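**Q** Below, each chain spelled out in residue letters.
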Amino acid sequence: MRRLMLSMPALLLAAPAMAADLNVTVQIPQLDVAEYHRPYTAVWIEREDHSVAAQLAVWYAQKESKEGAGTKWLPELRQWWRRGGRELQLPIDGVSGATRPAGDQRLSFHDGKAPLGPLPAGKYELVVEAAREVGGREVVRVPFTWPASAPQQLAAKGSSELGAVKLDLAP
Amino acid sequence: MLKQTLKWSALALALSLPLAAQAHKMWLVPSATNVSGADPWVTVDAAVSNDLFYPDHMPVALDRVTVIAPDGQAVQPEHGVTGQYRSVFDVHLTQPGTYKVAVINGGLFANYELNGEKKRWRGDATELAKAIPAGAKNVDVSESINRVETFVTNGKPSDMALKPTGRGLELVPVTSFTDLAADEPATFQLLLDGKPAAGLKVVAIAGETRYRNAQDELDVTTGKDGKFSLKWPHAGMYWISASTQDDKASVKPAKQRRLSYAATLEVLPQ
Numbered sequence: 001m002r003r004l005m006l007s008m009p010a011l012l013l014a015a016p017a018m019a020a021d022l023n024v025t026v027q028i029p030q031l032d033v034a035e036y037h038r039p040y041t042a043v044w045i046e047r048e049d050h051s052v053a054a055q056l057a058v059w060y061a062q063k064e065s066k067e068g069a070g071t072k073w074l075p076e077l078r079q080w081w082r083r084g085g086r087e088l089q090l091p092i093d094g095v096s097g098a099t100r101p102a103g104d105q106r107l108s109f110h111d112g113k114a115p116l117g118p119l120p121a122g123k124y125e126l127v128v129e130a131a132r133e134v135g136g137r138e139v140v141r142v143p144f145t146w147p148a149s150a151p152q153q154l155a156a157k158g159s160s161e162l163g164a165v166k167l168d169l170a171p
Numbered sequence: 172m173l174k175q176t177l178k179w180s181a182l183a184l185a186l187s188l189p190l191a192a193q194a195h196k197m198w199l200v201p202s203a204t205n206v207s208g209a210d211p212w213v214t215v216d217a218a219v220s221n222d223l224f225y226p227d228h229m230p231v232a233l234d235r236v237t238v239i240a241p242d243g244q245a246v247q248p249e250h251g252v253t254g255q256y257r258s259v260f261d262v263h264l265t266q267p268g269t270y271k272v273a274v275i276n277g278g279l280f281a282n283y284e285l286n287g288e289k290k291r292w293r294g295d296a297t298e299l300a301k302a303i304p305a306g307a308k309n310v311d312v313s314e315s316i317n318r319v320e321t322f323v324t325n326g327k328p329s330d331m332a333l334k335p336t337g338r339g340l341e342l343v344p345v346t347s348f349t350d351l352a353a354d355e356p357a358t359f360q361l362l363l364d365g366k367p368a369a370g371l372k373v374v375a376i377a378g379e380t381r382y383r384n385a386q387d388e389l390d391v392t393t394g395k396d397g398k399f400s401l402k403w404p405h406a407g408m409y410w411i412s413a414s415t416q417d418d419k420a421s422v423k424p425a426k427q428r429r430l431s432y433a434a435t436l437e438v439l440p441q
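Protein chains in written order, with the working numbering: chain A, 1 to 171; chain B, 172 to 441.
Please keep in mind that the hints were generated in silico from the structure rather than gathered at the bench. On a predicted model such as this, the values are computed, not experimentally measured, just so you know. There's no promise every hint is true.
[Said to hold, decoys possible] Some chain A residues well away from chain B (every beta-carbon gap over 10 Å; in silico):
#1 21
#2 33
#3 78
#4 91
#5 92
#6 151
#7 154
[Claimed, not checked] With the C-beta cut set under 10 Å, the calculated list includes, among others, these residues of chain B facing chain A:
#8 206
#9 207
#10 208
#11 324
#12 347
#13 392
[Said to hold, decoys possible] Calculated lysine-lysine pairs in the DSS-like style (CA-CA distance at most 27 Å, straight line):
#14 B:402 - B:419
#15 B:366 - B:402
#16 B:398 - B:419
#17 B:289 - B:423
#18 A:66 - B:372
#19 B:372 - B:426
#20 A:63 - B:327
#21 B:366 - B:395
#22 B:327 - A:72
Even for Gly, the Cβ is constructed at its ideal location relative to N, Cα and C.
Make a model of the complete structure from these sequences and hints.
**A** Spelled out as structure tokens, the structure:
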């Protein structure tokens, strides 16, 4: 027991040196439409078999109502919903939050820490899905290999509901 | 009076349904197949028509509708209304999981001759004895069991409500009924009296037939294990159906039994 207690701080100290970072920038485009609502957006990581390796973010309307605080429309994020969104008990600290305005939304994740958790080495896809009330829906995918051996910048671009999606990997 | 007529016409239609050549399709269309939130509801259209899914012929009788909740118990459909061409009812999804909405029709159909005249009768087993006159000749009685279903999931899919009853043609999921996407294959299993229904033709037709010039049927035959796979060419509401007949009628003196199954399944874009 004593040994365990002693070794734990040692582990914690050692952790930051090992930690790889994963930074995501999601560009929510400025849209010139008569009726604009901020998009419901989900960000997650898929394994090669499309199973979910990590749920990173989900942004939805937080208003209180009898039908539930914006959760009624979560199945509109269709891929996210069927790939695991429906398994979640929302809200989740550090993952769920309010919808975001147009502009670059930056997110940082650290290996071993929630919500990324310890991500085993392998091939993955970062997936970003956005669905907008009275608007469209779009999914953007950025394939990557984890962990990166050198700092790496990856990107993909949406054409309607999402702008650039950037993925910065730090070893 | 209207109700009575409706009941009889629905029954008559149900009896004639297994003859696929007669074409009229009975269907249920839910307003959504995946719901979420604190108080989810769906509204369901129930009708009989040739074109999918346009109500232009006959409504489904509401007393034939059964809703099975995720815990396996029957719950009441709400706000039922029957119009000229369709019935409408709501399902309040108070439990998480998958609901089954079914219209179950069945009955007996008799042909006989009385004093040299050909007669027909439709009804259920309790009425049969009284319905056929003592002097009737060449009495031919057949039984029919027809199921029309659709499925709605609140949150994560579950399968308690999807347990087969073991009577007639039924469908059980291998791929979840409410988890279908365009270009992805889906596999289901067709059962006859709870056992794999081998070698049966299954037809899938996408809705909105009015806006195209062909039925564009997808045909597939069930394997020895009753399983079959369909790859949906595009998103939409699909009506899948199968029918068969055998000599396992449950009510004497019926010999032949005609069975049909149909389900409305929603396929979403990728």
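**Q** Please go over all the hints and tell whether each is borne out by the structure.
**A** Checked hints:
1. In this structure residue 21 (chain A) is separated from chain B by more than 10 Å, as the shortest Cβ-Cβ distance comes to about 31 Å.
2. With a least CB separation of 21 Å from chain B, residue 33 (chain A) remains clear of the 10 Å interface cut-off, as annotated.
3. The Cβ of residue 78 (chain A) does not lie farther than 10 Å from every Cβ of chain B; its closest approach is about 5 Å, which violates its non-interface assignment.
4. A cut-off of 10 Å between C-beta atoms confirms that residue 91 (chain A) is not in contact with chain B; the least separation is 13 Å.
5. Consistency note on residue 92 (chain A): stated as away from chain B, and its beta-carbon is indeed over 10 Å from all of that chain's, at 15 Å minimum.
6. Distance check for residue 151 (chain A) against chain B: the nearest CB is about 32 Å away, which clears 10 Å, and the non-interface claim stands.
7. Every CB of chain B is more than 10 Å from the CB of residue 154 (chain A) (nearest about 22 Å), matching its label as outside the interface.
8. Annotation: residue 206 (chain B) was flagged as interfacial toward chain A, and the flag holds, the nearest CB pair being 7 Å apart, inside 10 Å.
9. Given hint, residue 207 (chain B) at the interface with chain A, holds; its Cβ is 5 Å from that chain's nearest Cβ, closer than 10 Å.
10. Satisfaction of the interface hint for residue 208 (chain B) is found here, the shortest Cβ-Cβ separation to chain A being roughly 3 Å, below the 10 Å cut-off.
11. Taken as an interface hint, residue 324 (chain B) checks out: its beta carbon lies about 8 Å from the nearest beta carbon of chain A, inside 10 Å.
12. Restraint check, residue 347 (chain B) versus chain A: the minimum CB separation of about 9 Å is within 10 Å; hint holds.
13. The closest approach between the C-beta of residue 392 (chain B) and any C-beta of chain A is roughly 28 Å, which is over the 10 Å cut-off, so the hint fails.
14. Proximity of residue 402 (chain B) to residue 419 (chain B) is assessed by CA-CA distance (about 33 Å); at most 27 Å being required, the pair is judged violated.
15. This hinted pair checks out: residue 366 (chain B) and residue 402 (chain B) have alpha carbons roughly 24 Å apart, not beyond 27 Å.
16. Restraint check for residue 398 (chain B) and residue 419 (chain B): the C-alpha separation of about 22 Å stays at or below 27 Å, so the hint holds.
17. Between the alpha carbons of residue 289 (chain B) and residue 423 (chain B) the distance comes to roughly 21 Å, so the proposed pair stays at or under 27 Å and holds.
18. For a cut-off of 27 Å, the pair hint linking residue 66 (chain A) to residue 372 (chain B) is broken: about 46 Å separates their Cα positions.
19. Straight-line distance between C-alpha atoms of residue 372 (chain B) and residue 426 (chain B) comes to about 23 Å, which keeps the hinted pair within the 27 Å bound.
20. Restraint check for residue 63 (chain A) and residue 327 (chain B): satisfied, since their Cα atoms lie roughly 23 Å apart, inside the 27 Å limit.
21. Among the hinted pairs, residue 366 (chain B) with residue 395 (chain B) is consistent with the structure: their alpha-carbon atoms are about 11 Å apart, no more than 27 Å.
22. Simply put, residue 327 (chain B) and residue 72 (chain A) have alpha-carbon atoms about 14 Å apart, close enough for the 27 Å limit, and the pair holds.
Hints 3, 13, 14 and 18 from the list above are not met by this structure, while the remaining hints are.
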